[in-house]
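Colleague: Given next are the chains, with one letter for each unit.
2 protein chains.
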Amino acid sequence: MDLKDLFLKTRTCRRFDESHKVGMETLENLVDFARLSSSGGNRQPLKYLLFNTPAQCEKIFPFLAWAGYFTEWPGPEKGERPSSYIIILGDKSITDNFGVDHGIAAHSILLGAVNEGLGGCMIASIKREELCNELKIPDKYEVLLILAIGKTIEKVTIDEIKNDDVKYWRDEQGVHHVPKRSLKELILRL
Amino acid sequence: MDLKDLFLKTRTCRRFDESHKVGMETLENLVDFARLSSSGGNRQPLKYLLFNTPAQCEKIFPFLAWAGYFTEWPGPEKGERPSSYIIILGDKSITDNFGVDHGIAAHSILLGAVNEGLGGCMIASIKREELCNELKIPDKYEVLLILAIGKTIEKVTIDEIKNDDVKYWRDEQGVHHVPKRSLKELILRL
Numbered sequence: 073m074d075l076k077d078l079f080l081k082t083r084t085c086r087r088f089d090e091s092h093k094v095g096m097e098t099l100e101n102l103v104d105f106a107r108l109s110s111s112g113g114n115r116q117p118l119k120y121l122l123f124n125t126p127a128q129c130e131k132i133f134p135f136l137a138w139a140g141y142f143t144e145w146p147g148p149e150k151g152e153r154p155s156s157y158i159i160i161l162g163d164k165s166i167t168d169n170f171g172v173d174h175g176i177a178a179h180s181i182l183l184g185a186v187n188e189g190l191g192g193c194m195i196a197s198i199k200r201e202e203l204c205n206e207l208k209i210p211d212k213y214e215v216l217l218i219l220a221i222g223k224t225i226e227k228v229t230i231d232e233i234k235n236d237d238v239k240y241w242r243d244e245q246g247v248h249h250v251p252k253r254s255l256k257e258l259i260l261r262l
Numbered sequence: 073m074d075l076k077d078l079f080l081k082t083r084t085c086r087r088f089d090e091s092h093k094v095g096m097e098t099l100e101n102l103v104d105f106a107r108l109s110s111s112g113g114n115r116q117p118l119k120y121l122l123f124n125t126p127a128q129c130e131k132i133f134p135f136l137a138w139a140g141y142f143t144e145w146p147g148p149e150k151g152e153r154p155s156s157y158i159i160i161l162g163d164k165s166i167t168d169n170f171g172v173d174h175g176i177a178a179h180s181i182l183l184g185a186v187n188e189g190l191g192g193c194m195i196a197s198i199k200r201e202e203l204c205n206e207l208k209i210p211d212k213y214e215v216l217l218i219l220a221i222g223k224t225i226e227k228v229t230i231d232e233i234k235n236d237d238v239k240y241w242r243d244e245q246g247v248h249h250v251p252k253r254s255l256k257e258l259i260l261r262l
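Line by line, the protein sequences give chains A and B.
Terminal number for the first sequence in our numbering: 262, no gaps in between.
Terminal number for the second sequence in our numbering: 262, no gaps in between.
Next up, chain A with everything else stripped away, as it sits in the complex:
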């Protein structure tokens, strides 16, 4: 796949065909993309937890918040939830400063997922303490980000931004619209 096409296709998706199983080997391959990516000072302090069974996914779902701008939407309904998760942990025995490593890693995983015909979403809004209790995640790890991954059923389009309004929205056909700033706005001339 052309790299630009891959970037165009790599959109945040929040609704999935929950019946589509994501294999453990697929998840491991996605972590390998993260493993091969940059890490501040090459410390590589991130660890990963992989989940792909319905029972595991059902356990994780209640601790996640979905689509901050959709205040009326409690997240994907049953049947449209992700069929796998990757939890990105920071290993505090290596460093207390994870810099932007987890952003780099999550982005790698998402690009890899889309390249495999899957899709997903980076989630930072997490009930961390409750999740750690439920999954018995040891204290030495900090939950940094969670990736929801599955076969997406959502149509997402990029729109030109209007009136500086960055809020994504969903139209009557259920298409998810994401306003993006133009290249011209992003590149400064001093």
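What the hints contain is simulated information worked out from the structure, not anything from laboratory work.
Careful, some of the hints might be misleading.
[Stated by the list, open to error] Think about it this way: if two alpha-carbon atoms lie no more than 20 angstroms apart in a straight line, the pair counts; the simulated PhoX-like pairs of lysine-lysine are: (1) B:K256 x A:K164; (2) B:K239 x A:K164; (3) B:K150 x B:K93; (4) B:K76 x A:K76.
[Said to hold, decoys possible] Incomplete in silico selection of chain B near chain A, CB under 7 angstroms: (5) S110; (6) H179; (7) Y240; (8) L258.
Nothing here was measured: the structure is a model prediction, and the numbers come from that model.
Yeah, the Cβ is synthetic: ideal placement off N, Cα and C, and Gly gets one too.
Fit chain B to the known structure of chain A by using the hints.
Modeller: Quick look at chain B alone, frame taken from chain A:
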């Protein structure tokens, strides 16, 4: 290019053919990869400064620290310095919290650069105040990361990590070795 190959090839490089000019259009295309990538809450608070003339690059170079583990190495010598830079700024008029957006953006740019036959390095160790003075960067922007980009002349290999030693090193042939943790070490089983 196969995505896994691209990730394998996307290594941090610090020595370049300085005579190789990187076009402004190329830099703009690289920023477009960042533009198309995820941003927390879709806020898109990053801005970019692009530099590709010898005079501009000479101005920026003294404010950067290179390869923290090479305490004896002052960075690439003349002729082997990057021929372009992208400075990633956080626009504080949009938010004060850039999250991991700049990691995601820098990673996108680096992948795009390697896909174009170039290479580079994310630099976080920056004399920020002096650089802002020199370039007259307005106060509303925070310097988050700098990408050095050019035609790389460095050979970089990934090694298996030994004795938990993450320090990269350079052998007698000038090959740069980067110890990477194994997938087995990164994936936890609770």
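Colleague: Hint by hint, note whether the structure agrees.
Modeller: Going through the hints against the structure:
For the hint linking B:K256 to A:K164, the alpha-carbon distance of about 18 angstroms falls within 20 angstroms, and the restraint holds. Between the alpha carbons of B:K239 and A:K164 the distance comes to roughly 18 angstroms, so the proposed pair stays at or under 20 angstroms and holds. Restraint check for B:K150 and B:K93: satisfied, since their Cα atoms lie roughly 15 angstroms apart, inside the 20 angstroms limit. For the hint linking B:K76 to A:K76, the alpha-carbon distance of about 15 angstroms falls within 20 angstroms, and the restraint holds.
A least Cβ separation of about 6 angstroms between B:S110 and chain A falls short of the 7 angstroms threshold, and the interface hint therefore holds. Given the 7 angstroms rule on beta carbons, the hint for B:H179 holds: about 5 angstroms separates it from the nearest Cβ of chain A. A cut of 7 angstroms between beta carbons decides the hint on B:Y240: the least distance to chain A is about 6 angstroms, and the hint holds. At a threshold of 7 angstroms, the smallest CB-CB gap from B:L258 to chain A is about 6 angstroms, leaving the interface hint in force.
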